[in-house]
Amino acid sequence: MNLFFSSNKFFLFLFYSPLKIGFLFFVIFALHYKSQSYTVFELDSITKNYKYNGQYEDAIDFNMDVLKRYKKNKDYRGIAAANINIGNLLASINEYSRSLDHLNIAKKELTKINDPILYSKLYNEYGRDYFLLRLFKQSNEKLNESIKYSLNVTDRKLRMHLLYHNYLWKWSNFDELNEIDSLYKIQSSLLKLNPEPLAYIKIAKRFMRQQKELDSAEYYLKKSNKILTLINRFPLHHKAQALMSFGQLYYIKKDYESALNYYLSSLTISRKIKRQEYIMHIYKEMSKIYEVLDDKQNSHDYYEKYSFLNDSINDKEKVALYSIVDELGDKKEENKLYFFIVVLVIIVILYIGYKIRENKKNKNTLLPNTSFENIELKRIHEYRSYSEIIKMAEDGSPFFLSSFKKLYPDFHEKLKFYCSDLTEHDIKFCTYLRLNLDSKQILQYENITLRAIETKKYRLKKKLGLSSDVKLSTWILEL
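Counting from 1, one number per residue, gives the positions in the sequence shown under the working numbering.
Hints may be right or wrong, so weigh each one.
Claimed, not checked - Each computed DSBU-like pair below joins lysine-lysine, with the alpha-carbon atoms no more than 35 Å apart:
no.	residue 1	residue 2
1	K72	K148
2	K414	K112
3	K288	K253
4	K239	K202
5	K108	K137
6	K222	K72
7	K222	K284
8	K205	K288
9	K212	K416
10	K107	K137
11	K414	K192
12	K253	K274
Read the hints as simulated data drawn from the structure, not as lab findings.
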């Protein structure tokens, strides 16, 4: 009787509680989901979903749990993949030393298998960590290794994806090292792949660092923001970076209220995803804005927050840098002189980094009083035939274009990449702009009116698919 009553009671519970039934099935499914094994593809897909929402610590816990099963099954590929993911996630929350530990484990596991995809991902993560630790040349060495492996990946879409992220970090390295020639070459390679928001943000930042062509900077930021708004496959830190860049742009424009609003919006996202380096940067910039607005209390408060966070991140960087020194020392044990040089370099880097961070004002890392146009002109003038080419333009020589090709052999191909049906006159006009000739000079060489020149520029921009906000001459010089 009691058994019947209990069974009947349970039946009534199920019948009158559909929500409870759903919850019961959910628990059963969750337990099954928790216990199942994952392929490397599934592991990466789930990790990507965590990262998309900024859930880095949850993603680390998930990868750690899966890693235990991979170890139990002696799945070397899975062990390497999980450690690479964990290394990436730890670097995202500024745990650089722990990140490098997991990357080193992955490297050891990969010696047991031959997987160019995982090797490419591994060295890309090394490159990223080294960049974040301001070891830019060493970062490029690791990224070159990653590129070498990515070229052996047979799947074209995946190969392009791997190359894109390597080029993106190399671009950042060249920017920090002020290697302008290499920067523009890598930018060209990057934009031929599938440009993503971060690429456009980087272009905009370069304009802002030079504090010129701010309309072009705004154009690229809006382009980035449009992609982020229309396509929901990018992680939240992309949006945080875009908002920070808008804040920087409006600060330069002296629209301080708009700058604060953008920084506050970025701060909300950055806190959600726990990106400390973003939060630290925003605190510093907001302190500067409040100082300009003569709000001393807020300026002081945000600078205090910046200083505290900066010290915390700096301590973590030091631990990671010392571990790199130890690793390099072990590999070069027979060469003590090399080891001491590396130690000295690291100490100098730490000292310079400390001094830079102690200084409240931004340091402009570009060459003093050097604009992009001056760099281009210098390069042209160094070419021995420059005066001859200008003379040919003045005389209307038929050898003008062929001589120009010797100066910029890839220029025509780059133009055709954007528009294949350019006429020879179109190319000649673009050549004038590439030589940095002004409208008055072009007017004399072509014997046309100023209005005809403006009309030509308008038609060329239309052919090349450029926005009206983009200055044609600037775009040509960047090509």
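Unsatisfied constraints (hint numbers, rising): 2 and 6
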